[in-house]
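Each chain, letter by letter, is given below.
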Amino acid sequence: MTEYSPFEMIAYTGSRVLEDNKIVFVGTGLPIIAAMHAQLTHAPGLGLIFEAGALSPILDIGMPLSVGDTRACHKACYLKGLCAVFELTQRGHADYAFIGGAQIDMYGNVNSTFQGGSYGKAKIRFTGSGGAGAMAANCENTIVIMVLEKRRFVEKLDFLTSIGYGDGSPDFREKAGVLGRGPYRVITDSALFGFDEKTRRMMLLEIAPGKTPEQIQEKAAFELLISPQVKEMREPTEEDLKLLREKCDPDGYFLGRKLK
Amino acid sequence: MKNSARSKKKYISNLDSGEVKKLTEEPFEWWGPSPEKAREVMVGKSKALVDKRTALKDAVKKHIRDGVNIAIGGFVNTRVPISVIHEIIRHGAKDLTLSFQSTSICAELLAGAMILFPDHVSIKRVEMAWWGYEVIGIAPLLRHLASKGMIRLDDYTNYGMSARFKAAAMGLEFIPVRDHGGSDMERVNRGKMVKSPFTGKNTYLVPACYPDVGLIHVTAADMYGNCRVFGPLCTCPEIAAASTHCIVTAEKIISNENIRTYANLTEIPYTMVDAITEQPFGAYPGASYGYYWFDMEHIQMFRSISEDFRISGNIEKLKKYYDEYIFGCETFDDFLAKIPDKTLKKIKRMDGSQPIILS
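Each protein sequence line maps, in turn, to chains C and A. My numbering puts the first residue of the first sequence at 18, with every later residue one more than the last. My numbering puts the first residue of the second sequence at 134, with every later residue one more than the last.
Only chain C is shown next, with the shape it has when bound in the complex:
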């Protein structure tokens, strides 16, 4: 059995959920690695958008460490600025968004603005929305990467930065004036979640080998729906790990990290 780290499992799972011949809007870190791996395996026709302005670059001179760096626009087909690429998302050119954050709720709403205290005097102020709020609004499907912990899978967010299904009402997104379909997958190292079509609530789809749905539920502060056909998460093969470690993140910036 090959050993792999939690971040390698997340990157591999991220790769698996991306389809060929689609466009994914990515940020730095695990999303880039997931997209690179997908391009090298099952999705050679997958295109990338980087918010500083690049559409479909070829990431063969190293993993970008900043979404605006030279590597992120290497041999792009189109290179403009933020307005251009976000307007592509409003117009339906981006099939997937990869976002992260500090907290997520059962409807896939995400917080990356602050935690504790008040908005004007935040105990822990985070970076703010950046592109995430716009990506979650207007890319067609939102994929969230998150560490599975009770303090992150919360009942109530401290601040709703990136829109999911809101309060779960069927017309929430329409009333919000956004265009994308909404949350699609939530990827963690030990579980893969989707969303129930009827209730728009988070639903457990796959679990890591050796884990039970009860163990996953213990790590979320809200009640998870469990798919009637929960599958086991596929593990990366030796070949996948080789690609991840040698081609995608050879310096181990993200895959080499340890879970806190």
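None of these hints come from the bench; they were simulated from the model.
Subject to a maximum C-alpha distance of 27 angstroms in a straight line, what follows is the list of computed DSS-like cross-link-like pairs (lysine-lysine):
#, chain 1, residue 1, chain 2, residue 2
1, C, Lys215, C, Lys39
2, C, Lys192, A, Lys334
3, C, Lys215, A, Lys334
4, A, Lys257, A, Lys453
5, A, Lys143, C, Lys173
6, C, Lys264, A, Lys479
7, A, Lys155, C, Lys140
8, C, Lys264, A, Lys478
9, C, Lys140, A, Lys281
10, C, Lys248, C, Lys228
11, C, Lys140, A, Lys450
12, A, Lys194, A, Lys453
13, A, Lys450, C, Lys138
14, A, Lys190, A, Lys257
15, C, Lys228, C, Lys173
To be clear about the criterion: a stretch of chain A counts as covered by chain C if any three or more of its residues have a C-beta under 8 angstroms from a C-beta of chain C, and this derived list gives those stretches:
#, segment
16, 281-287
17, 294-306
18, 313-322
19, 362-375
Just so you know, even glycine gets a beta-carbon here, dropped at the ideal spot from N, CA and C.
Given the coordinates of chain C, assemble chain A onto it according to the supplied hints.
What follows is chain A alone, placed relative to chain C:
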């Protein structure tokens, strides 16, 4: 001002509704010139093709005053106007409003100056989307100022801020966007949800952002201020067009003849530019496409000093950075002289850009 529409039936986060109410009831005001004022200033300017090459010190002295709204160009570590930021810190300016989409060390340097020398530099409020260091980590000085309630923050998305600059570039008061609605930014920022006059559907409007002074670093420009940008444009053309005044630094000054050979390559025309300075490595330790990559080590060094201050409250190391790298330098070239040659060589090598056109 009341919203004429809202996206939600019920609010679902812990955000304090009393605080939201206070923000919502604030009458709208421009955090910089009004569209009319911005136009008036532009109309009053000479449109002559004149040599606008200026020493940074003089450009800053002329345009940066207490209370102005400063727009920071570039994106996170890319083409950031660091050399102007150093000069502003030396010059001093209080009660600043900062506007940007995403930035890292530029805003942190100003925040650090405010912490160390509050009577010399201070930030009153920030309209922004993102403030951090990407892979290097969160911004410690933002976290410090926010936790003490020392700056007013106004949150948008990266598109929201870009569209706000674009609206100002178009001479508008506001622009409709397809984001913010349904998020708590709808509740706290200065945008408004309204009903579309055409279909009655909910539509989010963000106010235009007209900065007093735009700070932009570009790949190349002529002495009149016609600018070429290679690599991502970020929101630089929109910021230059939105700003009442614009201070531009360029890696290289090229001839006007070259500019006129490929006019399609001009992203910022001379009428938008008030001062132009040739400043090689002007974005250092950030990156400038075609010339150098960012210096991760220097950025990490400044960030860890900042984080150290945030945790310990001890300002000594932070102050030493400013004494050494900013106040101990008369010009940005003096600062660059303190950076080891091998570092500059290394980041030049790491750039790995495709060809840029200077001819």
